[in-house]
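One point on numbering: in my numbering, the residue at position 69 of the sequence shown is 177, and numbering is uninterrupted.
No lab work stands behind these hints, which were simulated from the structure alone.
Just to be clear, a hint being listed does not mean it is correct.
Computed beta-carbon distance windows for the label pairs [to be verified]:
#, residue 1, residue 2, range
1, ARG193, GLY124, 50 to 58 Å
2, TYR172, LEU119, 12 to 20 Å
3, LEU119, SER192, 14 to 22 Å
4, GLN118, ARG183, 52 to 60 Å
5, SER192, LYS158, 15 to 23 Å
6, ILE117, LYS149, 17 to 25 Å
7, ALA180, LYS158, 25 to 33 Å
8, LYS191, GLU129, 27 to 35 Å
9, GLY124, TYR172, 23 to 31 Å
10, ARG190, CYS126, 43 to 51 Å
11, LEU185, LEU121, 18 to 26 Å
12, ILE114, ARG189, 23 to 31 Å
No more than 35 Å apart at the CA atoms, straight line, and that leaves these computed lysine-lysine pairs for DSBU-like [stated by the list, open to error]:
#, residue 1, residue 2
13, LYS158, LYS184
14, LYS184, LYS164
15, LYS184, LYS149
Yeah, the Cβ is synthetic: ideal placement off N, Cα and C, and Gly gets one too.
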Amino acid sequence: MSANSIGQIQLQLESGICALEAIRRSGLPQRYPEILDGRLKIGIYGRQIKPDTLLKDGDRLEIYRPLALSPADLRKLEAQRRKSRERPVPRSGAAGGD
109 MSANSIGQIQ
119 LQLESGICAL
129 EAIRRSGLPQ
139 RYPEILDGRL
149 KIGIYGRQIK
159 PDTLLKDGDR
169 LEIYRPLALS
179 PADLRKLEAQ
189 RRKSRERPVP
199 RSGAAGGD
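Required output: the full structure, derived from the provided sequences and hints.
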């Protein structure tokens, strides 16, 4: 699954189905086999759930791919970039006076 890959699939499923079964029925594992290997996290409306969680009518099941960088690492990288763009202010005149 690419970093830019975002999609939405609407399914009509019988009540009492678990999240993992809904993912299987979505057809996504045929296109992205890594979905079923256990490394990707899943959730409902931003709250992480277990694969055996039963879905309710209207639930939005989400599949979260791993972050390339943690938020803390990203902030450090951005701070380093800003610092490298800063230029020292040239000093005018010589120290001391006449």
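Consistency of the hints with the structure:
1. ARG193 x GLY124: 50 to 58 Å: holds, 56 Å
2. TYR172 x LEU119: 12 to 20 Å: holds, 19 Å
3. LEU119 x SER192: 14 to 22 Å: Violated: the Cβ-Cβ distance is about 48 Å, outside 14 to 22 Å.
4. GLN118 x ARG183: 52 to 60 Å: violated, 36 Å
5. SER192 x LYS158: 15 to 23 Å: Roughly 43 Å apart at Cβ, these two residues miss the hinted range, so it is violated.
6. ILE117 x LYS149: 17 to 25 Å: holds, 18 Å
7. ALA180 x LYS158: 25 to 33 Å: Distance hint for ALA180, LYS158 holds at roughly 26 Å.
8. LYS191 x GLU129: 27 to 35 Å: Because 50 Å falls outside the window, the suggested range is violated.
9. GLY124 x TYR172: 23 to 31 Å: holds, 24 Å
10. ARG190 x CYS126: 43 to 51 Å: holds, 46 Å
11. LEU185 x LEU121: 18 to 26 Å: violated, 42 Å
12. ILE114 x ARG189: 23 to 31 Å: Hint holds: Cβ distance 26 Å, inside 23 to 31 Å.
13. LYS158 x LYS184: holds, 32 Å
14. LYS184 x LYS164: Violated, because 40 Å separates the two Cα atoms, which is more than 35 Å.
15. LYS184 x LYS149: holds, 25 Å
In the structure shown, a violation is registered for the earlier hints numbered 3, 4, 5, 8, 11, 14, in ascending order.
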